[in-house]
Structures are given as structure tokens and as C-alpha cells.
Amino acid sequence: MTPQLLIFLVLAAIAIAGAVNVILQRHPIHSAISLITVMIALAGLFLLLESEFIAAVQIIVYAGAIMVLFVFVIMLLNAGAEERTDMSRMACYVGVPLAIFLLIELAYQIGAATLSMTPQPPAEDVTRGLSMLLFQDFVFPFELTSILILVAILGALVLAQRGESVPAKSGRETIT
Amino acid sequence: MPISYYLALSAVLFGLGVIGFVFKRNIITIFMSIELMLNAVNLAFIAFGRALGQLQGQVFVFFVIVVAAAEAAVGLAIVIVIARNRRSLNVERINLLKL
Amino acid sequence: MNDPVARSILLVSLVKVVVLLFLVLTAVAYLVWFERKVAAHIQGRWGPYRVGPHGLLQPLADGVKFLLKEDATPAGVDRFLYFAAPLLTMTLAISTIAMIPFGPASIHILGVATPLVIANINVGLLAIFAITSIGVYGVALAGWSSNSKYSLLGGLRSSAQMISYELSLTLSVVGIYASMITVACLASILFLGGWLSPFPQTPGLDWTRYLPAGVLAVAGVALIINGLGYGNFFGRIVLPVLGLILFALSFLCSRPSVIDGIQGPFWFLAKVLLVLFVYVWVRWTLPRFRYDQLMRFGWKVLFPVALLNVVLTSLAVALRK
Numbered sequence: 001m002t003p004q005l006l007i008f009l010v011l012a013a014i015a016i017a018g019a020v021n022v023i024l025q026r027h028p029i030h031s032a033i034s035l036i037t038v039m040i041a042l043a044g045l046f047l048l049l050e051s052e053f054i055a056a057v058q059i060i061v062y063a064g065a066i067m068v069l070f071v072f073v074i075m076l077l078n079a080g081a082e083e084r085t086d087m088s089r090m091a092c093y094v095g096v097p098l099a100i101f102l103l104i105e106l107a108y109q110i111g112a113a114t115l116s117m118t119p120q121p122p123a124e125d126v127t128r129g130l131s132m133l134l135f136q137d138f139v140f141p142f143e144l145t146s147i148l149i150l151v152a153i154l155g156a157l158v159l160a161q162r163g164e165s166v167p168a169k170s171g172r173e174t175i176t
Numbered sequence: 177m178p179i180s181y182y183l184a185l186s187a188v189l190f191g192l193g194v195i196g197f198v199f200k201r202n203i204i205t206i207f208m209s210i211e212l213m214l215n216a217v218n219l220a221f222i223a224f225g226r227a228l229g230q231l232q233g234q235v236f237v238f239f240v241i242v243v244a245a246a247e248a249a250v251g252l253a254i255v256i257v258i259a260r261n262r263r264s265l266n267v268e269r270i271n272l273l274k275l
Numbered sequence: 276m277n278d279p280v281a282r283s284i285l286l287v288s289l290v291k292v293v294v295l296l297f298l299v300l301t302a303v304a305y306l307v308w309f310e311r312k313v314a315a316h317i318q319g320r321w322g323p324y325r326v327g328p329h330g331l332l333q334p335l336a337d338g339v340k341f342l343l344k345e346d347a348t349p350a351g352v353d354r355f356l357y358f359a360a361p362l363l364t365m366t367l368a369i370s371t372i373a374m375i376p377f378g379p380a381s382i383h384i385l386g387v388a389t390p391l392v393i394a395n396i397n398v399g400l401l402a403i404f405a406i407t408s409i410g411v412y413g414v415a416l417a418g419w420s421s422n423s424k425y426s427l428l429g430g431l432r433s434s435a436q437m438i439s440y441e442l443s444l445t446l447s448v449v450g451i452y453a454s455m456i457t458v459a460c461l462a463s464i465l466f467l468g469g470w471l472s473p474f475p476q477t478p479g480l481d482w483t484r485y486l487p488a489g490v491l492a493v494a495g496v497a498l499i500i501n502g503l504g505y506g507n508f509f510g511r512i513v514l515p516v517l518g519l520i521l522f523a524l525s526f527l528c529s530r531p532s533v534i535d536g537i538q539g540p541f542w543f544l545a546k547v548l549l550v551l552f553v554y555v556w557v558r559w560t561l562p563r564f565r566y567d568q569l570m571r572f573g574w575k576v577l578f579p580v581a582l583l584n585v586v587l588t589s590l591a592v593a594l595r596k
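Chains as they are written, first to last, in this note's numbering: chain A, 1 to 176; chain B, 177 to 275; chain C, 276 to 596.
You may find that some hints are simply not true.
What the hints assert, rightly or not - To give an idea of the interface, some chain A residues facing chain C are shown, with a C-beta separation under 10 Å as derived from the structure:
no., residue
1, I23
2, L24
3, H27
4, I36
5, I40
6, A63
7, M75
The set of hints was computed from the structure by calculation and includes no laboratory data.
No residue lacks a Cβ here, since even glycine has one placed at the ideal position from N, Cα and C.
One chain only, chain A, in its complex shape:
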């Protein structure tokens, strides 16, 4: 067993355990933390795949910014543990079989595939090449994303702004 394989197996186990925990935990905060664990494990896998820059971005943006937003919203809404309800008919008869089918199908197709790694240029060239791609070939989409983010900020502001008509919540209630 090569060291790479060992690291992969450990990180994959962490990622899968975290993902399962996202589903099993009933309190959204615990789900969020499990998801952060998954993201960090994935960043480790990105490092293993020699994409250091994306690994750093994954942690800074995904784990460090997006999930912080989730955690903040959960805390501010004082969201409580999930209510247990009966599974809807839709989920029972369509969702579960479809999800299981998807898993089996994907695993089967991928097991059949044989792709091996091709050698990559040294790490410094990867980051350099990435910046070249981003700012030359993909410069138009790159600029578009900045507009997208601006629109998203404005949209979030408009949506979440408390209107005059809506009375402020009194007291600290737990929302489920």
C-alpha cells in the first residue's frame, strides 16, 4: 500500500463519515460542522491531487466563508433540532429508490472506467498556469462572476431586510 493510497483512504473515510453525519444529525449546527469536516477532508484530497490553490480556496471560501454564513444563520434564527415527521410518500416511493439506484449506477459505471493519472507539471507551474487560464482564457467568465456576486449581495440585502410592516420578533423562540 503506497502512502498516497493510505492518505486517500483516511481522508475518504473522514469525508464519507462526515457526509453520513450530515444526514443523521438532527440539529442543523451539528450537520453544518459535519459538512465542514467533509470540506476540509476534500481539501486534503485536492492537495493529494496536486491542486494546492484550489485546496486553499476550498478552505477559505467554502469552509471559511460559506459555511460561516450557514452557521451564523442557524445561530441567529436560533434553529432547533429537526422535527421528526413521517416520510412523505414522495420520498418513500420515489426518493429512496432513486437515490439508491443513483449510487449503484454511479459506482458501477466508475468501477468499469480505467483512467490513470498523467504526469503533471511541477506544482509552481500549476498555480502559474491556473492564473494564466483564469486571467487570459477565462477572463470574461471571471469578470462575469464578479457581477454575479454583486447581484447576489444586493439580492440578499433586499430579501433579508426587515420591512416596516413586519413586526420584530419578541423574545427568543426556537424555530424548528
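Put chains B and C on the given structure of chain A with help from the hints.
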């Protein structure tokens, strides 16, 4: 080490995301399941890019992350509005449009 | 692993980790002593004086006190997170030290040339920012898990503040790494962005006021977490120091090429101490920002200035070509 290991992991994570999306009742957790799926796809992108020795896969992941950030901002704003108006985060109770 | 060279590289790395960990933990304890001393002298007091000569053993006494303190767990806390949050902060803070280079050259130990840094990775600075961005959870979760609304508010406030300052801090470093030349006219802007941001953000070295606006009592992650947990919040001291180290490395022109080898760490230490002294000096001389002033300053002054700095620096680099 074959790249298909990464792809299999990506598939499993994506499947778990789908399961979470279908099973969970809390709207925030459902949203998190979507993020899980996006992460799984990112892993597949990077793995393919590595297999082909190209950097475009990483560029795509970069864009996916940026879009996910925008999506999270708007989505969570919607969650806040829902929680404020319906006093609930349970998707079962958000059923005004249901027949 | 049977290869003798690989084994000695592993051994040297291990030695480096242990030595550095010991040095950093001791140094942090003495930085607290340093700030208390400087602060006391600024205010015309003596500061710690009783334990050991000039209070030099005070950090030891403090450490023993924090370890032996009764660790009361309030009712209704989220047990796992309550204990995990301080540990998380601590671990993350310390692990960032691994990426800091302590000198320009490599030294020879056991016949192996080893650089004066534990993890010499390609995107070291980005990695440091990545790890510190995770640190936000330590504060936010500690506040939430304590099951007290004041702790929650305090945790949310200080983590919100950390995020808003992280932004301009990161941006301010972009400028200098984009150019690698210190353009004279930009130096002042760089300083404003990179130098001022750690100020209000950092809780300071003295743990009695280690959170922003700690005196306002509402900022109370510290309200509930105490004892060993509080001691673990040591991590919150390492982080600001880390910011200062980064500042010293990025902004005070590094690499005195004449002096090399083992003297590298000396200059490193000298720079860090200098920055630290100025930091403590300013902190204890100027009045503290109120929370709302601080947020406004972060978003409406520092952030635009940092952006402007990035634009101007890239312009300068482009024109130079």
C-alpha cells in the same frame, strides 16, 4: 493509484447529498445537502483534470465555488425570510402552494 | 522508510516540530508577560513583580492556575462543541506556525540540509489564511455551545469582526506579494491596510481582555468558558501574534543577504519583537474602538483602501513592465 477511486468517492458523496436532500426536513440542512453535492462534483472535476493533465478542471472548480458563494448568500436570505414569515424551517409546513 | 536519508529527514522534521512547539508555547506565555509589563509601565505601574525576579515566573504561575482551576460546566451546554471549540481554536492557531519561515537559509543537522520552516509548501501564505479563516468557528461555536444568550451574542460579534478584518488583512498582503517591490508612494497605503487591520481585530495578548470590547461584558465567550477551556483560548493569543509575525515578514524588508544561516532566526525574532512592542504601545496608548465604530471602520475605510491598494499596486506593476 487509479483516478477512479476519487470518482467513486465523488459519486458516493453526491449520492449522500441526494439522500440528504430528499430525507431532511429542515430547510437549512437541505441547503447543506446541495452544498455537499456541489463539493462532490468539485472532487470529480479535479480528479478528471488531474487524469487528463489539464488545468481547466481546476478553473471550473473555482467558478463552481464562486457561484456556490453567491447561491449561499441569496439562498440563506430566502431562508431568513421564510423563517420570519412562517415561523418554521420545516419544509413540510411551507405548503401554501400545495394542492 | 528503510532508506537512511529518508529516516534522518523524518527525524529532523520531528525534532523541528517538537522544538518549535516548545519555543512557541513558551514564547506566547512570555509575550503575555511582555504586554503586561509594557502596559504597566505605560500607565506608571510596575506590572507583575511578585513571582520571580521582575515577575518572570508569572506565566508559569498563570499556567498552573489555569490548569488547576475548577472546570465548571454550565447546565444545558452542547457538550461536544463546548469542549471541542477551544481545542479547535488552539490547534488551528498553533498549526499555522508550521508555515512560518524563521530564516532565509537552510541549516545542516545530522548531515541533512533542512530549511528553517516545518512545512515548506507552495502556497504557504494562502494556507495560513485558510487555517485562520477556520478559526472563526472556534469563537462562534464556543459562544453558541455555552447555552447563554450573552455568550452567543459575544461569539457572533467577535466572529463577525474577525471576518470583516480578515478581508482587508488578506487584501493588504496581496499588494506586496503581487509586486515584491516596495513602491515608495504605496508604502503608506500598504501600512494603513496591513498595519492597522490587526489592531482592533486582535484581542490583545493579555487574556483578561482577550476579546474585543471584553469589558462591555456582552462580548462574553469568556463569560462561560473558563478553566482549562479558557487556558486553551491561548490559541486566541497565538493568532494575533501570528498576524504580527506575518506583518514583520511581509512589510519589514526581509532577507538581509549579508547575514545568513543561523543568524536568520535572530533577525526574525528582532523584527517580530519590534512589531510587537509598537503594537502593545499603540494598544495601550490610544483609546479602544467601540464595536460599531470598529465594524464601520473595517468595512467603510479599511476595505476600500485595501482594494485601492490592490488596484494601485497592480497598476504600478503593469506600468513597470
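Against the structure shown, which of the earlier numbered hints fail to hold, in ascending order?
-> When the structure is compared with the hints, numbers 1 and 2 turn out to be violated.
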